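Number of protein chains: 2
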Amino acid sequence: MCIDEKIKIGIDTYGADNGEEIFVLAVKEISNKFDNIEFYLYGNENKLSELFNKYGVKSSNVFLVKTTEEIKLDEHPVMALRTKKDSTIYRLGEDLISGKISAIISAGSTGAILALGQLYVKTLDGIKRPAIATLIPTEKNMTLVVDSGANMDADSEWLLQYAILGSVYYTEMIGVDKPKVGLLNVGVEPTKGNKLSLDTYKLLSNDSRINFIGNIEARDITKGLCDILVADGFNGNVILKMYEGVASSLFTVIKKAMTKNIMTKFASLLLKKSLKNTLKKYDAHEYGGAPLIGCRNLILKCHGNAKKNEICVCIEQAYNFINRNLIEKFNNSLRG
Amino acid sequence: MCIDEKIKIGIDTYGADNGEEIFVLAVKEISNKFDNIEFYLYGNENKLSELFNKYGVKSSNVFLVKTTEEIKLDEHPVMALRTKKDSTIYRLGEDLISGKISAIISAGSTGAILALGQLYVKTLDGIKRPAIATLIPTEKNMTLVVDSGANMDADSEWLLQYAILGSVYYTEMIGVDKPKVGLLNVGVEPTKGNKLSLDTYKLLSNDSRINFIGNIEARDITKGLCDILVADGFNGNVILKMYEGVASSLFTVIKKAMTKNIMTKFASLLLKKSLKNTLKKYDAHEYGGAPLIGCRNLILKCHGNAKKNEICVCIEQAYNFINRNLIEKFNNSLRG
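Quick note, the sequences are listed as chains A and B, same order. Numbering follows my numbering, with no gaps: position 303 of the first sequence is 303. Just add 336 to wherever you are in the second sequence, counting from 1, and you've got my numbering.
Among the clues, some could well be false.
[Said to hold, decoys possible] EDC-like cross-link-like pairs, simulated, lysine to aspartate or glutamate; straight-line CA separation at most 20 Å:
| hint | chain 1 | residue 1 | chain 2 | residue 2 |
| --- | --- | --- | --- | --- |
| 1 | A | K255 | B | D535 |
| 2 | B | K528 | A | E316 |
| 3 | B | K592 | A | E94 |
| 4 | B | K559 | A | E244 |
| 5 | B | K514 | B | D619 |
| 6 | A | K281 | A | E328 |
| 7 | A | K195 | B | D619 |
| 8 | A | K195 | B | E386 |
| 9 | A | K260 | B | D371 |
| 10 | B | K436 | B | D371 |
| 11 | B | K408 | A | E189 |
| 12 | A | K192 | B | D371 |
| 13 | B | K476 | A | E316 |
| 14 | A | K255 | B | E356 |
| 15 | B | K591 | A | D86 |
| 16 | B | K592 | A | D74 |
[To be verified] With the Cβ distance kept under 8 Å, some of the chain A side facing chain B (calculated, not the full set):
| hint | residue |
| --- | --- |
| 17 | V65 |
| 18 | E69 |
| 19 | E70 |
| 20 | L73 |
| 21 | P190 |
| 22 | N194 |
| 23 | A218 |
| 24 | F234 |
| 25 | M242 |
| 26 | L250 |
| 27 | N309 |
I should point out that these hints are in silico values taken from the structure, not numbers from a laboratory. Bear in mind that the values here come from a model prediction, so they are computed numbers and not experimental data. For each residue, glycine too, the CB sits at the ideal point set by N, CA and C.
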């Protein structure tokens, strides 16, 4: 990338629970901060024009790309991509492949985004499957869970590739040299686990491209023992959702205990600020989106219930990803 | 079982982090409550005699069974069972098979207990593999996770059997008619998941012996949507440990926020009782042990870090299991 060249980010304004508004607001806020980014907002022309007017979005680096179709969450992803050629996701894919844009940000159908990555944008040479890489908060730093839901039935070679690409991503985006790679397993011993984890353990142990520290039991994930946690897409997804579910349930019961009577309510008031500060890092929206690593170009998936702030973080993430030439570094890392 | 016949429970006094003492104390406490149980404590003769004297255990229904070997946690389970014929676990197995005792309670090596169940005690006719069934607390009732760690690479037929046996166990032990069976998956739609979950969904949907309610995402487990959660042993184990890890990490950070300064410490004092009451149900020790369901006789695994109370709960659990003829009911349920 030439130093003067603008980074062109394509944004899917469909598919977020909070509608197109969050994208327009995020772009308005961040377009002043980065004058070397061009923003391409794909979606409904009338709706977006209206929001541009409403919020006074007039920057010379913000563009509207009219599309007429939308891929809904309940549609079959591959079928939808085949038939809806004027959907935001398909059009973004086309423009990413042709080089009109350098990155896609979308809160839309995960299935459609995965299919776009795997079947249209395609993987880097030698990469078997793109994987979703999601950062989760731990007691120490953040841990990158790869794969957190792209490929259900994986084999050990794919998991090794997740480890390699995940390490590059973590080093470049979080700034940690030789990040620690752990393998999700039911015990720390190399002899524990299912066929996949036994096979993967052997591969990871013998690969000098990564800093493999061994098996990680699920009870130790939130202690932050590793920087990158490698798992198949089924287990990675279970990990993420279990984290979300347990945290949500515990907060529900703790809240109940804190509002039980007038004394506990008073105590809760005194604790509010300290608790809020402490728990801020457990807000998934603080961490931006999850890239589909292993593709030839950047596709970044943000949460369906994202708010403006998360989209701002995603834009910065995409900017850093491209600015640091992650794709080139992925390619180099694969060569060893 | 004849109504006057005593229920003979064999207890492994090795393998618990807290030593033999917790078993002796539990038996002392509970032997007065149940005069139709005979307790057989397997372990070191000197150590147990000493503890019997120390705590004045003189009941006519408590017996000491001398063994000279111990299977350690880091030993290869199958090898250990083959070579240590005078270990508590092997001896308990022999006596369970010969009918000298009707149940085993152990806090020892899970691997050795599993191997004992699978290779020596053996499974009920038609049952492919015994599974560990663990109760976990949810916002509503308790959910039984089957399999929570016995069989790593399972097939869909095994999972169907877990669902059937788990339903019988839940009905008889928790007292819920037609308990709801859920399948752990990454989405609620029948088309989501890996090969195992897709295959299992079909089998569970078409079996009238269970009340199958569909896929359960990990984020909904602690909401208590189902009574029995079916998963392969790898995923079931990940679920349990993730639950434990997330809860522990959150309590750690919340505790930090609550002891941050003098004001938060004061507030915490006011909240202490209410929080303690609310969180009591999240103490794993309240739920006793996890049976290895599908075996010809009862083997109950308790936590390595069990205290006296958990052993008391385990003894009652074993008593109820035998008293309600669970093995016979398992057999009947399999016939449909």
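Next item on the list: Please name the hints from earlier in the document that this structure breaks, with their numbers sorted from lowest to highest.
Entry: Per hint list: 1, 2, 3, 5, 6, 7, 8, 9, 12, 13, 14, 15, 16, 17, 18, 19, 20, 21, 27 violated.
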